[in-house]
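Chemist: Those protein sequences? They're chains G and Z, same order as listed.
The numbers in numbering that gives the first Met the number 0 rise by one with no breaks, and the one at position 69 of the first sequence is 68.
The numbers in numbering that gives the first Met the number 0 rise by one with no breaks, and the one at position 179 of the second sequence is 178.
Some hints could be false.
Subject to a maximum C-alpha distance of 30 Å in a straight line, what follows is the list of computed DSBU-like cross-link-like pairs (lysine-lysine) [unchecked claim]:
#1 K137/Z x K276/G
#2 K60/Z x K309/G
#3 K74/Z x K395/G
#4 K8/G x K120/Z
#5 K224/G x K202/G
#6 K2/Z x K43/G
#7 K309/G x K120/Z
#8 K74/Z x K309/G
#9 K309/G x K75/Z
#10 K75/Z x K395/G
#11 K120/Z x K137/Z
#12 K309/G x K13/Z
#13 K8/G x K60/Z
#14 K137/Z x K8/G
#15 K395/G x K137/Z
#16 K137/Z x K15/G
#17 K13/Z x K395/G
#18 K60/Z x K395/G
These aren't lab readings, by the way, just hints derived from the structure by calculation.
Residues per chain, in single letters:
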Amino acid sequence: MNLRRIILKELLERKKQFLTSFIAILLGIIVIVAVKSVSNSSEKAVAIQLDNLGANILVLPQTTTIDNYYAADINAPEMPEDYVDRIASSTIPGVDNLSPKLSARINVQNHSLVLTGILPKNELASKPIWQTAGFADPGLQAACDPNNIMNRSLGYEDPKLQRQVIDSLGEYDCLVGSDVASKLSLKEGSGIKIKGTELKVAKVLPQTGTVDDGRIFVHLHTAQKILGKGRVVNAIEIMGCCAAISEGLLGNLRNILPDTKITTINHIVQTQVETNKTMEKFSVIFLIIIILVGGISIGNYMWSNVEERKREIGSLLAIGASPRDVYFIFIGKALILGLIGGIAGYLLGTLAGMILGPQIAGVKVLPIPLLFVWAVVIAVGISVIASYLPARRAAKLDPALILQEI
Amino acid sequence: MIKTENLSKTYNSKGNSVLALNEISLSIEEGEFISIVGPSGSGKTTLLLCMGGLIHPSQGKVTIEGVSIYDLDVKKRAIFRLRNLGFVFQTFNLIPYLTAQENVEIPLSLAGTSDGTQSEKATELLQRLGLADRLNHKPRELSIGEQQRVAIARALANSPKIILADEPTGNLDPDTTNETVGYLRSLNQAGITVVMVTHNPGVAEYAQRTLRLVDGRLTE
Numbered sequence: 000m001n002l003r004r005i006i007l008k009e010l011l012e013r014k015k016q017f018l019t020s021f022i023a024i025l026l027g028i029i030v031i032v033a034v035k036s037v038s039n040s041s042e043k044a045v046a047i048q049l050d051n052l053g054a055n056i057l058v059l060p061q062t063t064t065i066d067n068y069y070a071a072d073i074n075a076p077e078m079p080e081d082y083v084d085r086i087a088s089s090t091i092p093g094v095d096n097l098s099p100k101l102s103a104r105i106n107v108q109n110h111s112l113v114l115t116g117i118l119p120k121n122e123l124a125s126k127p128i129w130q131t132a133g134f135a136d137p138g139l140q141a142a143c144d145p146n147n148i149m150n151r152s153l154g155y156e157d158p159k160l161q162r163q164v165i166d167s168l169g170e171y172d173c174l175v176g177s178d179v180a181s182k183l184s185l186k187e188g189s190g191i192k193i194k195g196t197e198l199k200v201a202k203v204l205p206q207t208g209t210v211d212d213g214r215i216f217v218h219l220h221t222a223q224k225i226l227g228k229g230r231v232v233n234a235i236e237i238m239g240c241c242a243a244i245s246e247g248l249l250g251n252l253r254n255i256l257p258d259t260k261i262t263t264i265n266h267i268v269q270t271q272v273e274t275n276k277t278m279e280k281f282s283v284i285f286l287i288i289i290i291l292v293g294g295i296s297i298g299n300y301m302w303s304n305v306e307e308r309k310r311e312i313g314s315l316l317a318i319g320a321s322p323r324d325v326y327f328i329f330i331g332k333a334l335i336l337g338l339i340g341g342i343a344g345y346l347l348g349t350l351a352g353m354i355l356g357p358q359i360a361g362v363k364v365l366p367i368p369l370l371f372v373w374a375v376v377i378a379v380g381i382s383v384i385a386s387y388l389p390a391r392r393a394a395k396l397d398p399a400l401i402l403q404e405i
Numbered sequence: 000m001i002k003t004e005n006l007s008k009t010y011n012s013k014g015n016s017v018l019a020l021n022e023i024s025l026s027i028e029e030g031e032f033i034s035i036v037g038p039s040g041s042g043k044t045t046l047l048l049c050m051g052g053l054i055h056p057s058q059g060k061v062t063i064e065g066v067s068i069y070d071l072d073v074k075k076r077a078i079f080r081l082r083n084l085g086f087v088f089q090t091f092n093l094i095p096y097l098t099a100q101e102n103v104e105i106p107l108s109l110a111g112t113s114d115g116t117q118s119e120k121a122t123e124l125l126q127r128l129g130l131a132d133r134l135n136h137k138p139r140e141l142s143i144g145e146q147q148r149v150a151i152a153r154a155l156a157n158s159p160k161i162i163l164a165d166e167p168t169g170n171l172d173p174d175t176t177n178e179t180v181g182y183l184r185s186l187n188q189a190g191i192t193v194v195m196v197t198h199n200p201g202v203a204e205y206a207q208r209t210l211r212l213v214d215g216r217l218t219e
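One chain only, chain G, in its complex shape (with noise of 0.2 Å):
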């Protein structure tokens, strides 16, 4: 016998009693689980559709317009080339890659077609569709997070597979679009003569339904040469990290770059910080929930307790307990309250988790062990604090008012 056998088969002898306060703190953990899991599980999804979309930060010249860019008009404002070199030597936390582009308008054997100076090795990671053609490796797909085990583990942090990427594309190489393959029917190894320069054919790309499958992408310093431009581009596309953006990405870059336009997907950044923000709403509210409904029933049931095992503690003290022992008793059966409450929160919080959300979010949802390190944290800190004034009282009783029995 010792006193935690004593807890134990108190909570045996009184299951009843013990299971409303159970519930109650079980059904909010299962909520706030089920919840964060949920959200968690959205908010990654949103983050891997966003760097599938490719760049999703656009840095332009402060007089030029999004149509502007994307009609690649020919009078289009420039930049200083320099401004890539000043974003990527900065610190600024979540620009995941950097792809500058010089476009313009030219004409090909009659074809109106746009010629794109690119970086290659930029330009073919921010282009996740370009990579199952076998221009890049997968692992710059979703670099969303480096430190990401996934990414790492296809060596995304690895130079040589950046290096080879840029290799790919030679001073007269040029990749061109599907709808230009096409017009000009040409093929792999095939040459173009644009305004007097010969490129040849490095690849055709397979069609992707935008814009660019009428350019002809070749690399920038080639662009200005046959564009005749200096040392500028026209914009520069960046991948940002999309929890970066909400985080003030968007600010930073603004502060070294004051005299251009910094644009992004607007609509699909705000729909993520709109779920986030809801989710937090939510689980904050039944965090609050969980603390008021939780903790008043466990204060609740550990005052009647208390009241109910007068005797017995009176008895206890008679023997040769310790007031601390009499205190040890309730904060340890709030312990355990506790800790089977977070225990059996996390663990059916997950499952509803995984069940709801394909459901409700259109997510896979996986457990996500943090959090149970969290719902058994949430649940034994509501379960002591509830029980601790219970505890003390138990203590303090006296035992001579308890024992007088005439």
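Add chain Z to chain G, keeping to what the hints say.
Modeler: Coordinates of chain Z only, in the frame set by chain G:
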């Protein structure tokens, strides 16, 4: 062995104060069997609990084996009780969700006895009190007399030198009363000092000496 000097206890409740013990001075020698009698509210239980270190007196001193128990802090007094005193109550005060054996094991556990020894000693005590076949029964499964015997076994668990019994026969029928008092006498014959509060003059006669309390004063 037990000595009280000018022991007084006043209860204050809702602005009223009640003098439960009024300057009690007494001395109980080792191996004595003492009964304390008196009408209801005379302060018998208060005196017993004061001697047991459970009620801090308003004034005066209680010394057991030369130790002034109220000069000890709460923790040390609990340890002192654990090692030197055994309590037997009128309503037994057994823990309802523990078996007879587990109830007897509690004081052993509080004294830091190992699990194996606890079980051995509890079994031996319950066997001595004729409860060998009731080891795994909970209090509600035992008769009143059996419950009181479990309570006595629990009081004896740490081999105390003193047994303090508060109306140990108050809830018992005549046969069980005789049986319980018989156990207390045999314990006394084995050298244990017994102090028993009772309002039953017949039971009090079993003691070697009877102390009478009236309105918190010792009258004989």
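Chemist: Now, for every hint given, state plainly whether the structure supports it.
Modeler: Status of each hint after checking the structure:
1. Pair hint K137/Z plus K276/G does not hold up; C-alpha atoms about 56 Å apart against a cutoff of 30 Å.
2. Taking the CA atoms of K60/Z and K309/G, the gap is about 28 Å. The hint holds against a cut of 30 Å.
3. As the CA atoms of K74/Z and K395/G are separated by approximately 13 Å, the hinted pair is consistent with the 30 Å bound.
4. Among the hinted pairs, K8/G with K120/Z is consistent with the structure: their alpha-carbon atoms are about 21 Å apart, no more than 30 Å.
5. Annotation: proposed proximity of K224/G to K202/G holds, straight-line Cα distance about 21 Å (limit 30 Å).
6. For a cut-off of 30 Å, the pair hint linking K2/Z to K43/G is broken: about 77 Å separates their Cα positions.
7. Straight-line distance between C-alpha atoms of K309/G and K120/Z comes to about 28 Å, which keeps the hinted pair within the 30 Å bound.
8. With a CA separation close to 20 Å, the supplied pair K74/Z and K309/G stays within the 30 Å bound.
9. Taken as a hint, the K309/G and K75/Z pair is honoured in the structure, with Cα atoms around 22 Å apart against an allowance of 30 Å.
10. Restraint check for K75/Z and K395/G: the C-alpha separation of about 16 Å stays at or below 30 Å, so the hint holds.
11. Distance restraint check for K120/Z and K137/Z: the Cα-Cα separation of roughly 18 Å lies within the 30 Å cut-off, and the hinted pair is therefore satisfied.
12. Proximity of K309/G to K13/Z is assessed by CA-CA distance (about 22 Å); at most 30 Å being required, the pair is judged to hold.
13. As the CA atoms of K8/G and K60/Z are separated by approximately 39 Å, the hinted pair breaks the 30 Å bound.
14. Between the alpha carbons of K137/Z and K8/G the distance comes to roughly 12 Å, so the proposed pair stays at or under 30 Å and holds.
15. Restraint check for K395/G and K137/Z: satisfied, since their Cα atoms lie roughly 28 Å apart, inside the 30 Å limit.
16. For the given pair, K137/Z sits about 19 Å from K15/G by alpha-carbon distance, which is consistent with the 30 Å threshold.
17. A distance of roughly 20 Å separates the Cα atoms of K13/Z and K395/G; the hinted pair therefore holds under the 30 Å criterion.
18. The suggested pairing of K60/Z with K395/G holds, with an alpha-carbon distance near 22 Å, which does not exceed 30 Å.
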